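2 protein chains.
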Amino acid sequence: MENGTPKAEKILTLESMNQNVRKLEYAVRGPIVTRAMELEKELQQGVKKPFTEVIRANIGDAHAMGQKPLTFLRQVTALCLYPEMLNDNKFPEDSKQKARRILQACSGQSSGAYSASQGIEVIRQDVAKFIERRDGGIPSNPDNIYLTTGASDGIVTIIKLLIAGQGKSRTGIMIPIPQYPLYSAAIAELDAVQVNYYLDEENFWALNIKELRQSLHEARKHCNPKVLCIINPGNPTGQVQSRKCIEDVIRFAAEENLFLMADEVYQDNVYAKDCAFHSFKKVLFEMGPKYSSTVELASFHSVSKGFMGECGFRGGYMEVINMDPVVKQQLTKLVSVRLCSPVPGQAMMGVIVNPPQPGDPSYNQFNSEKLAVLNNLAEKAQMTEKIFGQSPGIYCNPVQGAMYSFPRIEIPPKAVQEAKAQGLTPDMLFCIKLLEETGICVVPGSGFGQREGTYHFRMTILPPTEKLKTLLQKLTQFHEKFVKEYS
Amino acid sequence: MENGTPKAEKILTLESMNQNVRKLEYAVRGPIVTRAMELEKELQQGVKKPFTEVIRANIGDAHAMGQKPLTFLRQVTALCLYPEMLNDNKFPEDSKQKARRILQACSGQSSGAYSASQGIEVIRQDVAKFIERRDGGIPSNPDNIYLTTGASDGIVTIIKLLIAGQGKSRTGIMIPIPQYPLYSAAIAELDAVQVNYYLDEENFWALNIKELRQSLHEARKHCNPKVLCIINPGNPTGQVQSRKCIEDVIRFAAEENLFLMADEVYQDNVYAKDCAFHSFKKVLFEMGPKYSSTVELASFHSVSKGFMGECGFRGGYMEVINMDPVVKQQLTKLVSVRLCSPVPGQAMMGVIVNPPQPGDPSYNQFNSEKLAVLNNLAEKAQMTEKIFGQSPGIYCNPVQGAMYSFPRIEIPPKAVQEAKAQGLTPDMLFCIKLLEETGICVVPGSGFGQREGTYHFRMTILPPTEKLKTLLQKLTQFHEKFVKEYS
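So the sequence lines, in the order shown, correspond to chains A and B. Each residue of the first sequence is one higher than the one before, counting from 1 in the UniProt record's numbering. Each residue of the second sequence is one higher than the one before, counting from 1 in the UniProt record's numbering.
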């Protein structure tokens with residue numbers, strides 16, 4: 001190029017780029033979703049298809065599926081953006097009070113100012129009070145709360161802090177299989193070692209301590225496992241952990257010197273009558289000082305799930321327990337490089353943790369809207385379980401919580417062969433054919449992890465009830481046809 | 001711990017944590033700012049200080065300094081959050097139209113849904129049209145636009161893509177000195193090699209191609225320099241690059257096979273009469289196909305600076321030019337792991353690139369608010385230059401653009417000695433003493449980089465005019481006293 005002849009090759013190529021980025025995968029928005037978007041465009045352009053609509057059951061995106069936002073949440077956040085409306089009588093008094101309280105805590109009283117890197121202090125205080133109420137009075141310190149850009153941001157930040165070593169001393173991170181692929185993607189990007197522990201499908205996807213121990217001891221031969229990630233309620237499994245299981249996990253983490261990461265973004269999404277959400281923080285503290293003063297824990301929450309479904313705001317928080325104060329300074333420094341999480345998302349989190357109280361003008365409406373969402377989800381969880389339960393060749397655990405079912409499906413050997421010939425996993429072949437024939441978009445189990453030789457897919461229970469019913473019927477019919485075709 | 005005795009040491013310690021995170025620094029929110037926050041709390045508690053107020057001139061946070069948000073920007077974004085107000089006659093018709101257009105492009109017509117990972121398509125189209133208008137009709141492809149969580153997010157993402165190799169083949173990233181410390185922090189975190197090129201303080205902080213070449217050739221001895229970062233208008237220098245300089249840089253990048261990153265977040269902030277903003281994209285395309293079809297470029301913009309100052313929204317975009325399509329797929333995959341940038345920030349970006357047009361009901365108000373902000377900033381840039389220009393021992397280049405001055409200050413040898421004794425850099429000693437005595441918070445030059453033996457600080461020009469005047473006077477008086485004290 002010294003003579004000005006254009007260079008033949010790019011600087012940034014598949015070969016020269018960051019190979020950790022190249023190898024990471026994120027199935028929830030992978031090739032099947034790209035294809036779904038193409039099909040949507042083709043439909044818009046009038047191309048004939050065997051369906052009239054693409055239904056995206058690939059991602060936990062409630063509003064995209066028609067769920068309406070809660071009025072109060074939107075009133076307060078809109079007022080934070082446009083305080084001129086604070087004098088408008090169309091807004092109830094409590095929404096204005098909340099907005100004023102948040103704005104007063106913003107620099108220059110503007111949601112357009114950067115917040116402190118850790119998050120707006122008043123909101124962190126409200127988060128701490130929320131946690132205390134949730135956990136029956138166990139104290140929470142606002143200094144341990146970090147407001148994040150969705151839970152994903154917090155999870156990646158903590159993993160980032162924990163990465164160290166080379167070769168056999170490289171940090172190992174234990175994740176459930178099946179998992180939410182943010183974990184495997186972050187681990188790949190940060191070049192850590194992914195240590196799988198399998199959930200017990202025959203036992204409602206419960207976590208099994210024996211399996212955990214076996215996996216840990218195996219991993220110690222080739223890396224330094226330091227972190228144990230838990231997703232409860234489970235994504236994609238929909239499993240809700242029992243209190244006893246959580247105690248066992250905490251005891252295990254304490255014995256084995258593991259840093260605990262508890263992904264609790266579905267804490268409001270528990271549907272099964274015999275299940276309840278127990279936070280790791282609460283169980284840890286109820287196990288007494290031997291544990292509560294030693295076990296290092298980071299837990300995560302989000303505005304995107306629960307009854308809110310406000311994914312677009314990218315709001316969340318994490319609480320860190322027993323973190324070395326000098327490391328906490330390092331954490332604060334790390335998050336300060338990105339300045340702060342989005343203030344509208346912080347405000348949204350602030351309203352969620354500090355909702356209207358009995359006697360407030362918005363109390364009744366808020367609660368009825370919240371209950372309507374949660375009851376509807378519970379109904380759809382049951383319907384999913386029931387329809388899959390009646391379908392031969394499909395085995396589906398109860399959807400105890402979260403927003404997904406993760407059924408195991410029969411895939412005949414001939415289909416497995418065809419998939420191999422096409423360079424696809426068998427469950428990907430199934431999902432592609434399902435999409436092309438019915439417009440239904442679900443994600444192959446291989447994107448979440450599954451035992452060798454078993455096949456699954458993840459679908460959300462978020463489409464409106466009638467649509468979900470049709471979807472489930474079409475899907476099971478398609479599976480029946482698929483099995484016949486390849487038998 | 002096998003017997004249940006509590007472990008003595010934490011899992012996550014300064015020693016065991018990610019050492020790249022440990023070594024990174026981010027001066028803009030460093031220890032001096034932590035101390036400023038403590039002082040604010042002490043003042044609130046009634047502790048006596050030689051000042052009544054802490055003035056934070058450490059960060060480009062316009063609203064925190066009292067700048068008011070533009071009415072139209074907030075109307076549209078608030079309407080996107082609370083569409084019930086779309087029928088309210090208090091909002092002008094064009095704000096409603098804009099909000100409707102954005103909402104129609106959201107899944108489920110809700111700003112609470114995830115957007116496509118690359119950003120809402122309609123907004124990316126509007127960004128492309130904005131770039132075309134700005135660049136005199138040079139085409140921009142919406143497929144090359146990525147909406148980001150502030151410009152920082154885009155910059156870190158592109159750096160992340162470019163990291164590869166070990167030892168002498170590790171990616172080197174050329175950054176100006178002084179620089180905005182996001183760059184050094186990202187480079188440290190990602191374990192790349194920072195390659196400094198010094199800006200020419202004697203020549204208004206201009207970029208010098210000779211220096212660039214020398215730095216590159218030196219760096220090639222120990223790493224693989226692949227990326228050249230430019231900040232124009234300059235942060236912290238306030239320098240605005242000439243068209244000729246940009247041409248030279250592009251030619252240099254082409255000759256030397258460097259990927260160009262153009263940080264253009266201050267493109268609306270040009271105050272000097274003889275300066276104008278030229279985008280790298282425009283200059284690249286005007287240099288003809290030899291360059292426009294080969295040079296790889298990513299350029300960045302933000303909602304946080306300009307006349308908007310909407311830092312809290314964390315909105316921005318990047319445009320990638322000549323990126324290998326397969327690498328672009330990898331980029332899209334990488335950003336999909338975080339799902340999407342915050343939708344309120346995307347909406348804000350969408351309004352900024354598609355503002356009211358002549359004849360629209362909001363046109364006059366929008367423009368007068370915009371001009372008022374920009375004129376006020378120009379006035380404050382001049383005032384800063386003038387007051388520093390009259391101060392012995394302070395040497396300050398004209399603030400041609402951006403939002404900062406970066407004056408060089410005399411620090412007497414005795415003060416240098418005292419700083420050493422305290423384990424501080426001399427400019428940090430100056431800034432700490434300034435803060436403790438006057439309440440003025442500015443950032444030491446060492447956080448941005450400076451030639452050995454020279455001392456600077458960065459301060460914003462954002463405080464309200466009268467307050468800025470007082471601040472400048474107090475600061476120069478303090479410096480005079482400081483020099484005397486140590487002489």
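The hints are simulated quantities; they were obtained by calculation from the structure and are not laboratory data. Treat each hint with caution, since some may be false.
[Stated by the list, open to error] Mimicking EDC-like on lysine to aspartate or glutamate, the simulated pairs with C-alpha atoms at most 16 Å apart in a straight line are:
no.: 1; chain 1: A; residue 1: K333; chain 2: B; residue 2: E189
no.: 2; chain 1: B; residue 1: K160; chain 2: A; residue 2: D191
no.: 3; chain 1: A; residue 1: K244; chain 2: A; residue 2: D191
Computed from a predicted model, the values in this text were never measured in an experiment.
Which numbered hints turn out to be false for this structure?
3
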